[in-house]
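J.: Sequence:
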Amino acid sequence: MVRDSISLPGREVAIPVMGLGTWAWGDRSTWGMDGYDRSYGFETIRAAYERSIASGVTLLDTAEMYGNGESERIIGRLLREDAGNRDRVVVATKFMPFPWRIPFAGALMNSLRASLERLALPFVHLYQIHGPISFRPARTVAAALAAPYHAGLVKAVGVSNYSEREMRAIHAALAESGVPLATNQVEYSLLRTMPEADGLLGACRELGVTLLAYSPMAMGRLTGKYGAANPPQGKRNFAAFPMTEIEPIVSELRRIGAAHGGKSPAQVALNWLICKGAVPIPGAKNAAQAEENAGALGWSLAPDEVAALGRIAKFGQRGLFNRIWQHG
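Numbered according to the working numbering, the sequence shown spans residues 150 to 477.
If you're looking for bench data, these hints aren't it; they were derived computationally from the structure.
Don't be surprised by glycine CBs; every beta carbon is placed ideally from N, CA and C.
Hints may be right or wrong, so weigh each one.
[As the list claims (entries may be wrong)] Taking lysine to any residue pairs in the SDA-like style, the calculated list, with each CA pair at most 25 Å apart, reads: (1) LYS425 with MET343; (2) LYS374 with ARG314; (3) LYS374 with GLY327; (4) LYS374 with TYR189; (5) LYS425 with SER413; (6) LYS425 with PRO452; (7) LYS425 with ALA462; (8) LYS304 with GLY205; (9) LYS374 with PHE390; (10) LYS374 with SER188; (11) LYS374 with ALA437; (12) LYS463 with PRO452; (13) LYS374 with ALA457; (14) LYS463 with SER413; (15) LYS463 with GLY327; (16) LYS425 with VAL162; (17) LYS374 with PHE191; (18) LYS463 with ARG404; (19) LYS425 with GLU345; (20) LYS425 with ILE155; (21) LYS463 with MET392; (22) LYS425 with ILE461; (23) LYS374 with LEU446; (24) LYS425 with GLY348; (25) LYS374 with GLU401; (26) LYS304 with PRO165; (27) LYS374 with HIS409; (28) LYS374 with ALA407; (29) LYS304 with ARG235; (30) LYS374 with LYS304; (31) LYS304 with ASN217; (32) LYS374 with THR342; (33) LYS425 with ALA443; (34) LYS425 with ARG314; (35) LYS304 with GLY327; (36) LYS425 with ALA457.
[Stated by the list, open to error] So the derived label-pair ranges between C-beta atoms look like this: (37) GLY233 with GLY459: 37 to 43 Å; (38) ARG460 with ASP231: 42 to 48 Å; (39) ASP153 with ARG235: 19 to 25 Å; (40) GLU394 with GLY255: 20 to 26 Å.
The whole structure should be built from the sequences, with the hints applied where relevant.
T.: Right, here's the structure in full:
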């Protein structure tokens with residue numbers, strides 16, 4: 150039986166097995182809104198939102214940093230204009246824990262209230278620490294997260310880009326405050342299986358933490374849309390392997406997709422993550438992309454297909470960015 154939802158530890162939060170990442174909504178530097186990609190704006194984003202919700206993709210993941218709050222503002226407008234679906238939508242956002250944001254607990258609470266104002270919501274379902282860069286003890290971070298949880302401003306809490314060790318520490322510290330750790334959001338795809346190889350995915354299963362997978366299609370590289378002669382545009386730093394190294398994986402995705410009634414490489418790549426127990430959060434800037442994402446739902450790869458893709462997947466890249474930001 151194919152599952153369609155997951156219950157997060159916290160206050161009655163259920164999320165679908167795939168979400169919608171909204172980094173591109175309002176972004177100009179990486180995804181080129183009003184820049185290199187002038188094909189999308191609020192109306193195409195609205196169409197992506199509507200198609201996603203209609204497909205059961207009701208988890209919207211955003212952050213205060215996405216477009217300097219513009220992603221949250223767009224979501225707030227969409228929710229205000231779609232009152233009929235407002236109660237169906239699960240909103241996750243993030244706090245950027247820069248070391249200079251002091252005092253930490255006060256900065257987090259102020260940022261959360263600003264996010265809630267932009268989102269036009271009384272609470273968010275999931276509030277996450279965006280990265281392990283605060284240089285503060287786990288108990289300090291946990292106490293700051295626990296305050297809005299106990300105040301009813303968030304229903305569940307999570308982290309992002311945390312290593313296994315860091316995740317275990319924050320999980321234990323939160324438990325002391327009576328708060329469960331719900332999620333850890335990291336980059337995970339067929340071009341970056343580091344979370345699996347390094348033991349993070351196994352630790353998530355052990356602790357009851359859901360792994361949210363961002364850049365699940367390697368910033369478009371696994372969609373079949375690009376090739377060596379047509380590389381992606383913009384500052385797509387994640388999984389930045391040469392397309393010549395990626396094309397054999399895309400070919401295998403096409404072969405497996407053909408055996409499942411013509412599923413696309415992107416749909417197979419997303420389904421692979423779902424089969425691994427992760428919740429992928431691909432982006433969508435228009436209705437066609439949202440429809441493409443939805444094609445990953447309602448079916449499942451066979452175990453031997455999951456294994457075959459795992460054998461040709463890439464571990465990922467350990468560079469300076471990984472050491473500073475992507476610990477998980």
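J.: Indicate, hint by hint, whether the structure satisfies it.
T.: Hint check results:
1. Restraint check: the Cα-Cα separation between LYS425 and MET343 comes to about 13 Å, which is no more than 25 Å; the hinted pair holds.
2. Among the hinted pairs, LYS374 with ARG314 is inconsistent with the structure: their alpha-carbon atoms are about 37 Å apart, more than 25 Å.
3. Distance restraint check for LYS374 and GLY327: the Cα-Cα separation of roughly 46 Å exceeds the 25 Å cut-off, and the hinted pair is therefore not satisfied.
4. Between LYS374 and TYR189, the direct Cα distance comes to roughly 18 Å. Compliance with the 25 Å bound is thereby established for this hinted pair.
5. Note on LYS425 and SER413: the hinted pairing holds, with a Cα-Cα distance of about 19 Å set against a maximum of 25 Å.
6. Between LYS425 and PRO452, the direct Cα distance comes to roughly 10 Å. Compliance with the 25 Å bound is thereby established for this hinted pair.
7. Taken as a hint, the LYS425 and ALA462 pair is honoured in the structure, with Cα atoms around 13 Å apart against an allowance of 25 Å.
8. About 20 Å separates the Cα atoms of LYS304 and GLY205, which keeps this hinted pair within 25 Å; it holds.
9. Distance check on the hinted pair: LYS374 and PHE390 sit about 15 Å apart at the alpha-carbon level, within 25 Å; holds.
10. The hinted pair formed by LYS374 and SER188 meets the criterion: a straight-line CA distance of about 16 Å does not exceed 25 Å.
11. For the hint pairing LYS374 with ALA437, the CA-to-CA distance comes to about 13 Å; that is within 25 Å, so the pair holds.
12. Taken as a hint, the LYS463 and PRO452 pair is honoured in the structure, with Cα atoms around 19 Å apart against an allowance of 25 Å.
13. The suggested pairing of LYS374 with ALA457 holds, with an alpha-carbon distance near 22 Å, which does not exceed 25 Å.
14. Pair hint LYS463 plus SER413 holds up; C-alpha atoms about 20 Å apart against a cutoff of 25 Å.
15. Taken as a hint, the LYS463 and GLY327 pair is broken in the structure, with Cα atoms around 38 Å apart against an allowance of 25 Å.
16. In summary, the hint linking LYS425 to VAL162 is supported, as the alpha carbons are separated by about 21 Å, within the 25 Å threshold.
17. Between LYS374 and PHE191, the direct Cα distance comes to roughly 24 Å. Compliance with the 25 Å bound is thereby established for this hinted pair.
18. About 18 Å separates the Cα atoms of LYS463 and ARG404, which keeps this hinted pair within 25 Å; it holds.
19. Taking the CA atoms of LYS425 and GLU345, the gap is near 9 Å; set against the 25 Å cutoff, the hint holds.
20. Restraint check: the Cα-Cα separation between LYS425 and ILE155 comes to about 14 Å, which is no more than 25 Å; the hinted pair holds.
21. A threshold of 25 Å between alpha carbons decides the hint, and for LYS463 with MET392 the separation of about 13 Å falls inside it, so the pair holds.
22. In summary, the hint linking LYS425 to ILE461 is supported, as the alpha carbons are separated by about 15 Å, within the 25 Å threshold.
23. Taking the CA atoms of LYS374 and LEU446, the gap is near 20 Å; set against the 25 Å cutoff, the hint holds.
24. Of the pairs offered as hints, the one joining LYS425 and GLY348 holds, with about 13 Å between alpha carbons and a cut-off of 25 Å not exceeded.
25. Only pairs whose Cα atoms come within 25 Å are accepted, and LYS374 paired with GLU401 is accepted, the gap being roughly 15 Å.
26. Pair hint LYS304 plus PRO165 holds up; C-alpha atoms about 16 Å apart against a cutoff of 25 Å.
27. Only pairs whose Cα atoms come within 25 Å are accepted, and LYS374 paired with HIS409 is accepted, the gap being roughly 20 Å.
28. Using a Cα cut-off of 25 Å, the hinted pair LYS374 and ALA407 holds, with the two alpha carbons roughly 16 Å apart.
29. For the proposed pair LYS304 and ARG235, the alpha carbon gap of about 16 Å is at most 25 Å, so the pair holds.
30. Pair hint LYS374 plus LYS304 does not hold up; C-alpha atoms about 38 Å apart against a cutoff of 25 Å.
31. Simply put, LYS304 and ASN217 have alpha-carbon atoms about 24 Å apart, close enough for the 25 Å limit, and the pair holds.
32. Taking the CA atoms of LYS374 and THR342, the gap is near 22 Å; set against the 25 Å cutoff, the hint holds.
33. Under the criterion of a C-alpha separation no larger than 25 Å, the hint pairing LYS425 with ALA443 is consistent with the structure, at around 18 Å.
34. In summary, the hint linking LYS425 to ARG314 is supported, as the alpha carbons are separated by about 21 Å, within the 25 Å threshold.
35. Of the supplied pair hints, the one linking LYS304 and GLY327 holds, its CA atoms being roughly 13 Å apart against a limit of 25 Å.
36. With a C-alpha separation of about 13 Å, the suggested pairing of LYS425 with ALA457 holds against the 25 Å cut-off.
37. Judged by the Cβ atoms, the range 37 to 43 Å given for GLY233 and GLY459 holds: they are separated by roughly 41 Å.
38. Range check, ARG460 to ASP231: Cβ separation about 43 Å, and the 42 to 48 Å hint holds.
39. Judged by the Cβ atoms, the range 19 to 25 Å given for ASP153 and ARG235 holds: they are separated by roughly 21 Å.
40. For the pair GLU394 and GLY255, the beta carbons lie near 46 Å from each other, so the given range of 20 to 26 Å is not met.
Hint violations for this structure: numbers 2, 3, 15, 30 and 40, all remaining hints satisfied.
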